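Protein chains: 2
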Amino acid sequence: MGALHEGHCSLIRLARERSDLVITTIFVNPTQFGEEEDFDRYPRNLERDVALAKGAGTDIVFAPSPEAMYPGGSVTAVIVEKITEVLEGAIRPGHFRGVATVVAKLLNITRPDCAVFGQKDAQQVVVVRRMVRDLNIGVEIVVAPTVREADGLAMSSRNVYLTPAQRAEAPVLHRSLQHAEALIRGGERNPETIRRSVMRLISAASSGVVQYVSLADEGDLEECRMLSRGDRILVSLAVRFGSTRLIDNCVLDVSS
Amino acid sequence: MGALHEGHCSLIRLARERSDLVITTIFVNPTQFGEEEDFDRYPRNLERDVALAKGAGTDIVFAPSPEAMYPGGSVTAVIVEKITEVLEGAIRPGHFRGVATVVAKLLNITRPDCAVFGQKDAQQVVVVRRMVRDLNIGVEIVVAPTVREADGLAMSSRNVYLTPAQRAEAPVLHRSLQHAEALIRGGERNPETIRRSVMRLISAASSGVVQYVSLADEGDLEECRMLSRGDRILVSLAVRFGSTRLIDNCVLDVSS
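Those protein sequences? They're chains W and P, same order as listed.
The opening position of the first sequence corresponds to residue 1 in this note's numbering, with each subsequent residue numbered one higher.
The opening position of the second sequence corresponds to residue 1 in this note's numbering, with each subsequent residue numbered one higher.
Please keep in mind that the hints were generated in silico from the structure rather than gathered at the bench.
Small disclaimer: the values here were computed from a predicted structure and weren't measured.
Hints may contain errors.
[Said to hold, decoys possible] Pairwise CB distance ranges (calculated):
id, chain 1, residue 1, chain 2, residue 2, range
1, W, Phe39, P, Asp38, 43 to 51 angstroms
2, P, Ala63, W, Arg240, 31 to 39 angstroms
3, P, Glu37, W, Thr193, 48 to 56 angstroms
4, P, Ala168, W, Asp217, 33 to 41 angstroms
5, P, Gly72, W, Thr193, 53 to 61 angstroms
6, P, Pro71, W, Ala150, 41 to 49 angstroms
The beta carbon of each residue, even a glycine, is placed where N, CA and C say it ideally should be.
With the sequences and hints as input, model every part of the structure.
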């Protein structure tokens, strides 16, 4: 979606390492924004993005207009059920329909051998992987780790919306994920206990309003009832600072 | 969907003329049948189909199992709105969702330069063309004319369901399309008049129950209010003989 930061650049560098030819798609996709969301004010700076993408090793930047992507009479969508009805999908109805459709289009246009996505948008990764499998799209999905600021805040194009006070508080998301991990390493196996502890930490340390804290199966995003050895779980959360939503996550293996 | 007849073979021969390599997909797709429809009794004879497909010039037959096409956890569908809500789509809810999804999958698996469909399923052609355009699937859709029995009945795998008496009546579909064409050539411009005349002809000449007679724009399937010179219209109809549904159609250019 453009507004490139070091997180995006890390995806391009990973693609560069694996490929003879790297395409970066830049498209602020209107169909994945809700009515009340920030499509109009979403940061755009194509010239700067192209320079950053080239610097990170891209060969081609594909930056179509909305009219080119959705010509008159467009009536087709890709829908992914179940795994899009929770977490971000529950809060942002229609979001993943827009994401799945535009990703299918971009993959069909560019026809890559592999496509790199960021772990920052964890549910998007799960949805894209499932869509690719279900529709037999012949592409390998590669996931790059979340890139963080020095204080732990996950890089995001939306961080620019934060006031200085909110920006100072925002690293609490990452700290709270580390707290959840420490609880699990310490033997806690009740997701509800962990959820409550994480929410308390965020509320005590910031003005952020927690939208969800989730401990879910990494594959199908079903909420865990009790953690067991061998589980691979996605700990994810969404917190609002004023009108700015921040998300973050980590994937954990529950060991003995 | 297998149960190959001369209509299918004509598609394979057309593909053969245009291509170095021809793949025939044979798959009775469960997701495009309604609850009350004939999935279980749909005619299947893979050995015979493979022989016919090879005889018509196919290099490869791709005949996957339902389990291979829809492994556990499949949650993705391709939906096409508006043009799937009329005609066959109005009578067969979910049908075109199943068709669009399986065609997207088969195109992704086989990755052809062109794919041949039969004009017999006119709405399917419109839906597949739109989906291919909307999702940027890089394939040329080629349409082959309907192949008919000597008495005009359009070839269909479902013709085997007809009793001898119904089979004797069934050519009335084609005759009624010719009647509609004659009315238009004769200057009739009111679709409602043509529809009523076609329905009278079918009712007078057969036991068939008319489900619809449609005169619609060939591109977006919107029903015509009045025919005008230069219109390209799809005349289509569906008639039930007992529990067997037959469909047929023709495309007409309205001239002066």
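Each hint, compared with the structure:
| no. | hint | in the structure |
| --- | --- | --- |
| 1 | Phe39/W to Asp38/P: 43 to 51 angstroms | holds, 46 angstroms |
| 2 | Ala63/P to Arg240/W: 31 to 39 angstroms | violated, 52 angstroms |
| 3 | Glu37/P to Thr193/W: 48 to 56 angstroms | holds, 50 angstroms |
| 4 | Ala168/P to Asp217/W: 33 to 41 angstroms | violated, 60 angstroms |
| 5 | Gly72/P to Thr193/W: 53 to 61 angstroms | violated, 32 angstroms |
| 6 | Pro71/P to Ala150/W: 41 to 49 angstroms | holds, 44 angstroms |
Against the hints set out earlier in the document, violations occur for numbers 2, 4, 5.
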